[in-house]
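Kindly produce the complete structure, drawing on both the sequences and the hints.
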Amino acid sequence: MIEKIWLYPPLAFARLGPSPEPCENYRYGDSDLSPRGTGKTVVLPEPSLHVAENGTLTQRQPQGNRVQFKDPKDSKDSADLFRPICPFFEVHGAWTIDGQPDSGAITTEVLDAFNLTPGNVQWTVEVANLKAHQRTQALGDRIEAQVEIPGNEHTRRPLQGRSPQGAAQRLVPQGQHVPLGSVQIPRPSATFPELRLRFTPAAGLVYGPTNLMQRTSRYPLPAERLILSPNSPWCSFAPTDVDDPRTVPGGIFAGASRLDGRVSFGLVDDTCDGLVTVEVGGLTAHARIVVTPPDFAPDRRPFTSLADGLTDRVKRAEVRNPAYISGKQQQTALEVRDLFERVLEAMDAVNLDAQNDRAGLMNRENFGLSEEEARARMFSVPEALKGVTLPLTERGRRKHRRFVALEVLEDMIREQPDLIQRFIRNPYAKSDWFDRRMPVAVRGSDGYPMHLTHRQYDLLVAWANSLQATVEEGT
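Note that the sequence shown covers residues 2 to 476 in this note's numbering.
Each hint should be verified, as a subset may be incorrect.
[Said to hold, decoys possible] Across the chosen pairs, the derived CB separations fall in these ranges:
1. Leu284 with Glu154: 27 to 33 Å
2. Gln175 with Ser104: 45 to 51 Å
3. Lys400 with Gln331: 21 to 27 Å
Bear in mind the hints are in silico, worked out from the structure with no lab data behind them.
Every residue, glycine too, gets a C-beta built ideally from N, C-alpha and C.
Here it is, written out as structure tokens:
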């Protein structure tokens, strides 16, 4: 019998894109970040699965070593079209056949062993865009879509976002819908017998109320996307006060500025989040899907990732145990090096000169510092060398380039015992203002200076202490 099932991955991110061609699969290679290397992050293409309109699944080999994130322009007048990220969800499980336990991807062969067919598999996908509802708390401002698909149906099914039936002042009126993407079940075959579902996000478009052009000319939209009800609460939403938590960070909706009267123009996009559910043989499994905008740096990894955040929630305490560092010295060193490699990659995607100016402005306007105090806490801009337009950015990248050579970083920590405490922002001691501590001038989602996760910071401190413990006295 099949004893347990789960979906892999349990959480997947899709990325909006108007191109009909999904982005190919790719992975990060070994980046050339040595002191004398090119400094480039390496992105390598991988074989990708293609789903035909009738559900037939084939594998395509990438051409050359290039990853295509946009469709090429057909002419000078044509725009680059982002290719969407369209993740697959695959059914995995554990079962016993003839007394032999086994686990892995559930295939048609496994179904046959238990007198099941793909028609006995039931998929349900529920997604919603709750951005307007989160602010107004009005039921009619919810935008939801749901489809139920048996495992033997292989045509693509659209996810049509609508406001709940029976709700007063519906944002999406009767007869209209906001496209939130589509789903399709690939047809199992001898080559690909696994049970899968593919999620394709929407194009990345914005929709507005029917009277938008009478309210503002700042956001022109084509007539076919002016479908929302101007009588919905979202179209007249205004924060209750400056510190309304529903509107943090500031400027989070169109119409939020003082010039616009701080009243919503009623715009919504076609992003969504949701739940993927599969039922097989009386068992049920769930996975999450999150849709993100097509604003990305695909060859730059963040220094604090989603994985770092989740690990901080469940494994924060392990790095405070001295036995962890002493027993996993090599693993810890590699984790520290990976962090500083990602710091360098993030630095290559940041205009530090502009961020430095913005942080100084925030110190004055948001945190009450005088102009002199605000400037003193940030970096002074060095004199630009010939041909260098961003001198502070160039200096930061050059300095961080050294830190990916772990030996250099280790020597600096041995020579300066308080290096971590002085130059990396402590997440336990939150300050209101921006300063020269790392990460410099980067704002967190709460509007305050960003910091590493508690686990990342504790790991760095413990690792630095372990290096100090091996320093000979007087050297």
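Structure-based check of all given hints:
no., hint, verdict
1, Leu284 with Glu154: 27 to 33 Å, "20 Å, violated"
2, Gln175 with Ser104: 45 to 51 Å, "48 Å, holds"
3, Lys400 with Gln331: 21 to 27 Å, "26 Å, holds"
Checked against the numbered hints given earlier, the structure breaks only hint 1 and satisfies all the rest.
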